[in-house]
Amino acid sequence: MKQKLVIIGNGMAPGRMLEHLFDMDPEAFDVTIFNAEPRVNYNRLMLSPVLSGEKTYSDIITHDDGWYDDHGVTLHKSARVSTIDREAKKVTAENGVTADYDKLVIATGSLPIMIPLPGHTLDGVLVYRDLDDVDKMLKAARTGGRAVVIGGGLLGLEAAAGLREQGMEVSVLHLMPTLMERQLDPTAGHLLEDAIADRDIEVITEANTEKILEKDGKVAGVLLDDGREIEATIVVMAVGIRPSTALAASADIECNRGIVVGDDMRTSDPDIYALGECSEHRGLCYGLVAPLYEMAKVLSENLLGGRAEYNGSVTATKLKVTGIDLYSAGDFADDEDREEIVLRDGMAGIYKRLVLKDNRIIGAVLYGETSDGPWFFDLLKKQTDIAPMRDTLIFGQAYQGGAPLDPTAAVAALPDDAEICGCNGICKSQITTAITEKGLTSLDGVRAHTKASSSCGTCTGLVEQLLTVTLGDGYKPSAVTPVCGCTDLGHDDVRHLIRAKSLKTLPAVMQALEWKTSCGCAKCRPALNYYLVSEWPGEYADDYQSRFINERVHANIQKDGTYSVVPRMWGGITSAAELRKIADVVDKFDIPTVKVTGGQRIDMLGVRKEDLPAIWADLGEAGFVSGHAYAKGLRTVKTCVGTDWCRFGTQDSTGLGIRIEKFMWGAWTPAKVKMAVSGCPRNCSEATCKDVGVICVDSGFDIHFAGAAGLDIKGTEVLGHVKTEDEALEHIVALTQMYREQGHYLERIYKWAKRIGLDEIRRQIMEDIDARQGYFDRFVFSQKFAQVDPWSERVSGKDKHEFMPMSDLTLEAAE
Amino acid sequence: MKATTANWILVGRLSDIPKRGARRVKNGEVTIAVFRTAEDRIFALEDRCPHKQGPLSQGIIHGDCVTCPLHNWVFSLETGEAQGADEGRITSFPVKLDGDDIHLDLNFLSDMRKSA
Chain G
57 MKQKLVIIGN GMAPGRMLEH LFDMDPEAFD VTIFNAEPRV NYNRLMLSPV LSGEKTYSDI
117 ITHDDGWYDD HGVTLHKSAR VSTIDREAKK VTAENGVTAD YDKLVIATGS LPIMIPLPGH
177 TLDGVLVYRD LDDVDKMLKA ARTGGRAVVI GGGLLGLEAA AGLREQGMEV SVLHLMPTLM
237 ERQLDPTAGH LLEDAIADRD IEVITEANTE KILEKDGKVA GVLLDDGREI EATIVVMAVG
297 IRPSTALAAS ADIECNRGIV VGDDMRTSDP DIYALGECSE HRGLCYGLVA PLYEMAKVLS
357 ENLLGGRAEY NGSVTATKLK VTGIDLYSAG DFADDEDREE IVLRDGMAGI YKRLVLKDNR
417 IIGAVLYGET SDGPWFFDLL KKQTDIAPMR DTLIFGQAYQ GGAPLDPTAA VAALPDDAEI
477 CGCNGICKSQ ITTAITEKGL TSLDGVRAHT KASSSCGTCT GLVEQLLTVT LGDGYKPSAV
537 TPVCGCTDLG HDDVRHLIRA KSLKTLPAVM QALEWKTSCG CAKCRPALNY YLVSEWPGEY
597 ADDYQSRFIN ERVHANIQKD GTYSVVPRMW GGITSAAELR KIADVVDKFD IPTVKVTGGQ
657 RIDMLGVRKE DLPAIWADLG EAGFVSGHAY AKGLRTVKTC VGTDWCRFGT QDSTGLGIRI
717 EKFMWGAWTP AKVKMAVSGC PRNCSEATCK DVGVICVDSG FDIHFAGAAG LDIKGTEVLG
777 HVKTEDEALE HIVALTQMYR EQGHYLERIY KWAKRIGLDE IRRQIMEDID ARQGYFDRFV
837 FSQKFAQVDP WSERVSGKDK HEFMPMSDLT LEAAE
Chain U
21 MKATTANWIL VGRLSDIPKR GARRVKNGEV TIAVFRTAED RIFALEDRCP HKQGPLSQGI
81 IHGDCVTCPL HNWVFSLETG EAQGADEGRI TSFPVKLDGD DIHLDLNFLS DMRKSA
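Chains as they are written, first to last, in the working numbering: chain G, 57 to 871; chain U, 21 to 136.
Be careful, since some hints might not be right.
Not everything, but these chain G residues come out facing chain U in the computed CB check (under 8 Å) [as the list claims (entries may be wrong)]:
| # | residue |
| --- | --- |
| 1 | V398 |
| 2 | A469 |
| 3 | L865 |
Distance condition first, Cα-Cα at most 25 Å in a straight line; then the derived DSS-like pairs of lysine-lysine [to be verified]:
| # | chain 1 | residue 1 | chain 2 | residue 2 |
| --- | --- | --- | --- | --- |
| 4 | G | K807 | G | K770 |
| 5 | G | K146 | G | K111 |
| 6 | U | K116 | G | K615 |
| 7 | G | K353 | G | K579 |
| 8 | U | K39 | G | K560 |
| 9 | U | K72 | G | K615 |
| 10 | G | K494 | G | K507 |
| 11 | G | K856 | U | K46 |
| 12 | G | K728 | G | K718 |
| 13 | G | K58 | G | K146 |
| 14 | G | K507 | G | K532 |
| 15 | G | K579 | U | K46 |
| 16 | G | K192 | G | K60 |
| 17 | U | K46 | G | K644 |
| 18 | U | K39 | G | K856 |
| 19 | G | K58 | G | K353 |
| 20 | G | K579 | U | K116 |
| 21 | G | K840 | G | K854 |
| 22 | G | K615 | G | K718 |
| 23 | G | K572 | G | K728 |
| 24 | G | K267 | G | K192 |
| 25 | G | K133 | G | K145 |
| 26 | G | K413 | G | K437 |
| 27 | G | K353 | G | K437 |
| 28 | G | K557 | G | K572 |
| 29 | G | K572 | U | K39 |
| 30 | G | K560 | G | K728 |
| 31 | G | K192 | G | K58 |
| 32 | G | K854 | U | K46 |
| 33 | G | K438 | G | K413 |
| 34 | G | K854 | U | K39 |
| 35 | U | K46 | U | K116 |
| 36 | G | K615 | G | K572 |
In case anyone wonders, no lab produced these hints; they're calculated from the structure.
For each residue, glycine too, the CB sits at the ideal point set by N, CA and C.
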């Protein structure tokens, strides 16, 4: 019978441990995980980019639900283990779930330290540890105001930078005279302080907080012991972490600062192991990811009966604040037997300091230019004698042995066992071997096969250089397709940055993202205009000069420069009065062609541009509004006659189609959106090749999406089943909004879905109620500004210049 | 086309044309597109793409170029030359901005009409 392995905690360390375990022997254990958080395993190192808006939660998931299914792992979410019964070998969670174990791994991680200042329990006092904390901060940031961050260490500064990016005023309070004093010497600390201050973040050092001030039960500010008061709407406590040992201690497992483990990762109970930040090994507790991954590897081997040993780690640190390069490793306190080499370039903002003992590097601080960090770290770990290169050591690897200044030369010269990816402990030869043996040609390929650069991402440059060194010209580094020739950024980057930097006008986007042309081109301008419309409803002033002519004049240009006009017929239903009006308009304006479209509408073709406003005025008399047949937006909802007439109809498909169309008309989308509702599976409205389709059945509504019947032919995928019409509408709206927020301009739903993944879309729309509600609410908000009939606006005189010639010289010339 | 003295005629005001926009001036069979760039430079070209006769006045204006709305050919407003891989040239007309007033040369236009 299989052994039972129970893991308490679902952070990065146990996640990595399981990957190793399944690689070596997928059948060895029945695995059960208890996770106190309500979600799957995600990359905690990436919380800062989530906070600053550069990434989203879905970008940082390590293992999705499918991964647990595929590996037969039972994952209990929101299940905090409350007791370990070592006699019975059984754990029990607060929610009553129990599990028996043969082997138990405690990976409870760490807790943020909350200084018990007066007022620390107030609403608005936050810590920075998991995604819930990030969500709370993002929520607070939406209302603006000032955030006070207590703690000027790695985490505190990343939190401060993220909150500033979100538009808050930010003050960092730090107890010591310089920032990050555990990793940086005072000089680098001051340089860092300047760089932080340049981002409009106030830094107050030697700031001892006396109490947190209150108003109406919420945070109002902080009071320092020198009497200074700082206003604040939130206070983020980022002063450090301590191992989470309470559960282990309550089971009488030996604990010190952390849960004590031996080199084999075993606790005082031979069947119980501790892993990650909660553990204490040889008197040390680790809070960085690289040591935790090393532990994970050792533990996975020992669980399978191996005899691996963990011997402790030397760690290096990088600050993940975009635009600030900082690297530190080892020990750099002053001491009598130590020497140092310092390089300063005030103008370039570069500072490098190496601390040496007996001609060996024991500490390194790099600021402003950190590319030699891994090389120094390698020399440090191997305790290489640096005497032969001491004179030029500080200039970095490229200057040793007269090597040329080719940027890849440094990487090429690295020894095979030099560590490239610190997070995952991947060395150079592992990467180059994978590139050669697996025929990898891209960064993603290297990430997939070696994990290098897949955690914090700061070694991405090195990995790319290794690709260049190994493949030569065969490597094309720009894996992202730029929006157009005006920029090197891809669509995703542009959308993220518009959000993260709160860019709200076209010139602001082009300025901040360093557009190469003065005012873009016909490709990027409509894309940017859409992204701004979608991101800032009600705030962004739509730039019509950046729209394609069809959207500018609300009609479709034809090959001869005339236009076609398609009035909206809700759900494809019309009436005698409407048809009579169309007939009159066709006669009056001498319209040459009238055609029925595939989307159940009537198209009048060959209209002179000058006639458009007058035609719309006439059509408006019968109640017609624009059919948006020209728009990257909701076009048509095609329906069958459902229960109204059809003897097979199961639901009111016509009614639902009309309801969807009335709810969603006017919404701009990345590309056109065509929908259909069929009253029964005979599917007369052909819903299964639409962007979104509904098939009514007796028990409710099957929602389909991601079909195509144009350049590509593709049947839809099933999103899910809902019981009521209200739910059908809510799910369709949420899906459309998700697409509106993520789609690349001109990318139809089926292509977007392929890129994002059907499972992820189903998860967010069908399972994650909060996500669905959020999308729905944002769509509804945006519609407040979008649902204005463009035809009646133009009948009333808007954009007159679009329709009339500026002047007609024919008469004057004839005179 | 013979050289005559210019006969400037007022066809509109700068404020009639949106920045990065264009307006049409009709002149018998010929339609002229008058363009205004982001920097308020004014250009006049025949409103007719040499590729498939698309109305260039309906295109998107970027820098000193316009992109035809029918098949995305790009033309320099300055020279009328097609940009990139496409080949072709549009007739451009003398245009003059006097304060807010936009003038076209009527003699040039009528010469052109005669020679057409």
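Status of the hints after comparison with the structure:
Taking 8 Å as the C-beta cut-off, the interface hint given for V398 (chain G) is violated, the closest approach to chain U being about 48 Å. Annotation: interface hint on A469 (chain G) violated; nearest CB of chain U at approximately 43 Å, more than 8 Å. Nearest Cβ of chain U to the Cβ of L865 (chain G): about 4 Å, under the 8 Å cut. The hint holds. A hinted pair counts as satisfied when its Cα atoms are at most 25 Å apart, and K807 (chain G) with K770 (chain G) qualifies at roughly 11 Å.
With a C-alpha separation of about 39 Å, the suggested pair K146 (chain G) and K111 (chain G) falls outside the 25 Å cut-off, and the hint is violated. At roughly 32 Å between alpha-carbon atoms, K116 (chain U) and K615 (chain G) are farther apart than 25 Å, so this suggested pair is violated. For a cut-off of 25 Å, the pair hint linking K353 (chain G) to K579 (chain G) is broken: about 49 Å separates their Cα positions. Restraint check for K39 (chain U) and K560 (chain G): satisfied, since their Cα atoms lie roughly 19 Å apart, inside the 25 Å limit.
Distance hint between K72 (chain U) and K615 (chain G) is fulfilled; the C-alpha atoms sit about 8 Å from each other, no more than 25 Å. Taking the CA atoms of K494 (chain G) and K507 (chain G), the gap is near 14 Å; set against the 25 Å cutoff, the hint holds. Distance restraint check for K856 (chain G) and K46 (chain U): the Cα-Cα separation of roughly 17 Å lies within the 25 Å cut-off, and the hinted pair is therefore satisfied. Restraint check for K728 (chain G) and K718 (chain G): the C-alpha separation of about 17 Å stays at or below 25 Å, so the hint holds.
A threshold of 25 Å between alpha carbons decides the hint, and for K58 (chain G) with K146 (chain G) the separation of about 16 Å falls inside it, so the pair holds. For a cut-off of 25 Å, the pair hint linking K507 (chain G) to K532 (chain G) stands: about 20 Å separates their Cα positions. Note on K579 (chain G) and K46 (chain U): the hinted pairing is violated, with a Cα-Cα distance of about 29 Å set against a maximum of 25 Å. As the CA atoms of K192 (chain G) and K60 (chain G) are separated by approximately 37 Å, the hinted pair breaks the 25 Å bound.
Distance restraint check for K46 (chain U) and K644 (chain G): the Cα-Cα separation of roughly 24 Å lies within the 25 Å cut-off, and the hinted pair is therefore satisfied. For the proposed pair K39 (chain U) and K856 (chain G), the alpha carbon gap of about 15 Å is at most 25 Å, so the pair holds. With a CA separation close to 21 Å, the supplied pair K58 (chain G) and K353 (chain G) stays within the 25 Å bound. Note on K579 (chain G) and K116 (chain U): the hinted pairing is violated, with a Cα-Cα distance of about 30 Å set against a maximum of 25 Å.
Taking the CA atoms of K840 (chain G) and K854 (chain G), the gap is near 19 Å; set against the 25 Å cutoff, the hint holds. Under the criterion of a C-alpha separation no larger than 25 Å, the hint pairing K615 (chain G) with K718 (chain G) is inconsistent with the structure, at around 31 Å. Distance restraint check for K572 (chain G) and K728 (chain G): the Cα-Cα separation of roughly 29 Å exceeds the 25 Å cut-off, and the hinted pair is therefore not satisfied. Under the criterion of a C-alpha separation no larger than 25 Å, the hint pairing K267 (chain G) with K192 (chain G) is consistent with the structure, at around 22 Å.
For a cut-off of 25 Å, the pair hint linking K133 (chain G) to K145 (chain G) stands: about 21 Å separates their Cα positions. A threshold of 25 Å between alpha carbons decides the hint, and for K413 (chain G) with K437 (chain G) the separation of about 13 Å falls inside it, so the pair holds. Proposed proximity of K353 (chain G) and K437 (chain G) is supported: the alpha carbons are some 19 Å apart, at most 25 Å. Among the hinted pairs, K557 (chain G) with K572 (chain G) is consistent with the structure: their alpha-carbon atoms are about 19 Å apart, no more than 25 Å.
For the suggested pair K572 (chain G) and K39 (chain U), the alpha carbons sit about 20 Å apart, so the restraint of at most 25 Å is met. Between K560 (chain G) and K728 (chain G) the CA atoms are separated by roughly 24 Å; this keeps the pair inside 25 Å, and the hint holds. In summary, the hint linking K192 (chain G) to K58 (chain G) is not supported, as the alpha carbons are separated by about 42 Å, beyond the 25 Å threshold. Between K854 (chain G) and K46 (chain U), the direct Cα distance comes to roughly 22 Å. Compliance with the 25 Å bound is thereby established for this hinted pair.
Of the supplied pair hints, the one linking K438 (chain G) and K413 (chain G) holds, its CA atoms being roughly 14 Å apart against a limit of 25 Å. A C-alpha spacing of about 16 Å is found between K854 (chain G) and K39 (chain U), which places the hinted pair at or below 25 Å, so the restraint holds. Under the criterion of a C-alpha separation no larger than 25 Å, the hint pairing K46 (chain U) with K116 (chain U) is consistent with the structure, at around 17 Å. As the CA atoms of K615 (chain G) and K572 (chain G) are separated by approximately 33 Å, the hinted pair breaks the 25 Å bound.
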